[in-house]
Amino acid sequence: MMNSKKVDFRNAVMRRSTGIAMVAIILIMGIRAPLFFAPANLMTVLKQSGILCMTAISITSVLIVGGFDMGAGAMVQLVCNLAAGMIISYSNPALSWGVGIGVGLAFGLLNSFLVVYLHIPTFVTTLGTMYLMNGLSALYNKGTALAIKETAGFTVLTQGSILGIPNIFLLVILLCGIMHWFFKYTRTGLRMYACGENRNAAQLHGLNVGKYLILGYLISGTLLGMTGVFQCSYNYGASAVDYGMDFLVKALASAYLGSTFSRTNELSMIGTVIAGIFIAALSNILIINGFSNQIVSGVLGFVLILSILLTVIKKRDIGQITIF
Amino acid sequence: MPEGPVLLECRNICKAFGQNKVLQDINLEIRKGEAHALLGTNGAGKSTLVKIITGVYSKSSGDILLDGEVVDIHSPQDSERHGIAIIHQDQQMVPLFDVTRNAFLGSEITKSGGRLDLKTMRKQVQEKLEFMHVDFTADAQVASLTVGQREQVAIASALLKNPKLLILDEPTASLSSKEISRLFEIINLLKESGVTIIYISHHLDEIFNITERITVLRDSRVQGTVETKNIDPKQIISMMIGRELKDLYPKEPAQIGDVALKIDDLYSGKLVRGVNLEVRRGEILGLAGLVGAGRTETMLAVYGAEKVKKGNILLKGEPYRPVSPKRAGKAGIAFIPEDRRNEGIVPAMSIAENLSLSATKSWAKRGIIRRKLQSQGSGQIIKSLNIVCTGAGQLLSELSGGNQQKVVIGRWLIDKYDVFVFDQPTTGVDVGAKAEIYRQMVKLAKAGGAIIFISSENEELLGICDRIAVMCKGRIVKEFQAKEATEQELLYWSAGGDEQEDGNDE
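Quick mapping for you: the protein sequence lines, in order, are chains A and B. Counted from 1, the first sequence has number 34 at position 35 by numbering that gives the first Met the number 0; the numbering is strictly sequential. Counted from 1, the second sequence has number 2 at position 3 by numbering that gives the first Met the number 0; the numbering is strictly sequential.
With the rest of the complex left out, here is chain A (with noise of 0.2 Å):
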């Protein structure tokens, strides 16, 4: 490798190119609406990030051993009605709890059965899996929202804080330690990277690869289920307005964006939750500057670009482009 310092001073760069980038476009942004800056705000952007948070950790969880999940919104949002009804229904939190993870693992299952046992491409399979949860929201909400009173030991959960710091963001950070350590310090975890960055070496040593992927889109179903409830606690019930597809561009940003801290562009659970408080930060920036919802979307959409294909450069330095 001649040109190998060259390539490690652009590395180097690029790293860390990713944070002040970050930190520039809040700190110009911040000088219009000096708002941003004020702690209850602060505090107010990390509660807002938080189910985008969650719902990036599982889709993060599914993109490392491989996979990939159209229906991550879907879900989250599918779950988030069933569990309004539990509450409006039965005023049970532990039932929400119960058929949030139940749905998430069936979908997970469903998905992965798709892809590992009649090889359906992951793409097309949860497209098709997104509208098929689109569709059964549909049904249950009947086009309405569920609102859901306080209730006891359900909605504190999102909406309190311990000590100035929003509880939510307490549980991100506890859930994003846990997956972390899973990923980087267990035997399960590592092959599962394997998988995921090298289908034919994970192969070559002996590791069935669909074993993974399918536990991949369980684990990322099991999260995604409590996200579900988490989101129903957060937001006091389940809207009618279907969110589905901003929350997976969220997301999806978040963790490729996350991805481009590492000099080899790995997915990560911290880089991920990085950059979703900054998507967070910056949809929150956006709208104090006074621009609309839409706007925000298309800003978004951009990110997301941006974030691809600096992953895309940089595999293609260490001769490997595998996304997708």
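Derived DEER-like restraints, expressed as beta-carbon distance ranges: (1) A:Val-123 / B:Lys-233: 53 to 61 Å; (2) B:Lys-329 / A:Ile-27: 53 to 61 Å; (3) A:Ile-24 / B:Ile-367: 51 to 59 Å; (4) A:Phe-122 / B:Asn-187: 48 to 56 Å; (5) B:Gln-487 / A:Asn-199: 43 to 51 Å; (6) B:Lys-160 / A:Phe-290: 58 to 66 Å.
Derived contacts from chain A toward chain B, CB cut-off under 10 Å, selection only: (7) Lys-183; (8) Tyr-184; (9) Leu-189; (10) Asn-197; (11) Asn-199; (12) Ala-201; (13) Glu-265.
Simulated from the structure, these hints should not be mistaken for lab results. Built from N, CA and C at the ideal position, the CB exists for glycine as well.
Mind docking chain B on chain A? Use the hints.
Leaving out everything else, chain B in the frame of chain A:
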């Protein structure tokens, strides 16, 4: 060499895929502590035999014995348990992992609850790395290692299982000569420490360098096992191709006709500085020279892939200006490039479909492929190039490397051309496939084509060409009738000849 005890014995191993018998009655003895070469042309059955020994394929019949006892090997894990490890041809690694994680992938050491015991793993990997005297540590990220270093990681990974038998499958394919000598040092270290080695390679010099015995496979059978020191390369090649070496060059006299291509004072880029050259119909002209002498660049300029700075070209007696490869093709120039593996084979398509990719004129009418022409045409090409396959419908991904390369060459044989440029067509090809390529060139010449054959192997130039031009530093420095030239002379002129004595004019 004293006869050591036998470590691995194959008895009457047969393997068939459907009708296709790929191994027949294989009998093989590997002695403890030796390096044993497996040699054979592409498709002779080496890879299949290795896959049976390592449990990837199951044998149709026969026995495998280890230390004199029959063993059952049904999976890679079985073979691993019996102390057999393999280093695959292409190093498959996870670039974002460090050396330790890559080396242990699939057989990690864990503490309770599936937690990785990184400390123990790191220590074991470091031990193996130190044993091999490598220049990186167990913490290095694989993305930052060179191809040669990655190979060393693969060896370390294999050694972690303390194998009795280590199989190296074409380990030098993508290594530089310096990395190869490092690899040989490591192999010698392994032999000293009692590891038995099966070494697969096309490179005879490597095999003569490090192995004690050689087993040659041909047409799915063992042709024989010989002591390396009792045999010379020519005999080995005869065993591999099943005929005498002189038959390797199927030279036949051809009718030499008009000048097909005449290059006059051609300049292009930095490497082509005043080339004068002509080649006639029915003639095979060899272009000898060292790497960087400007041979490929000259022909690329003629082909329209490099810009021509200055010079005149006559094609079939008419003035010709290279514009683009597409125009050059239409004008009657075919260029078979050096890097065929990456040169657009589509692995998931059949032989016939791959051949059709460039048969735009001959096999299609108004843009629609004629099935009949396609199947007839591809049948002919398969026959004339001796492509080992089950039929024109077989997928390219199922062919061996050498046969894939023949398909790529076959693509240029469909449409009619006047001038054929073969740019090092025999690199990385076994002797059997080489012979097919030579035969093809002779055939094209007999049919009235003018052949320009760029090669760095002087032996094959002398064997197959009518005339040889030697290039050095962007010019033709000498021309020979092939009959009158010797390898020494070609080397002498490739290195610059007597330009010093001449008092050069630059």
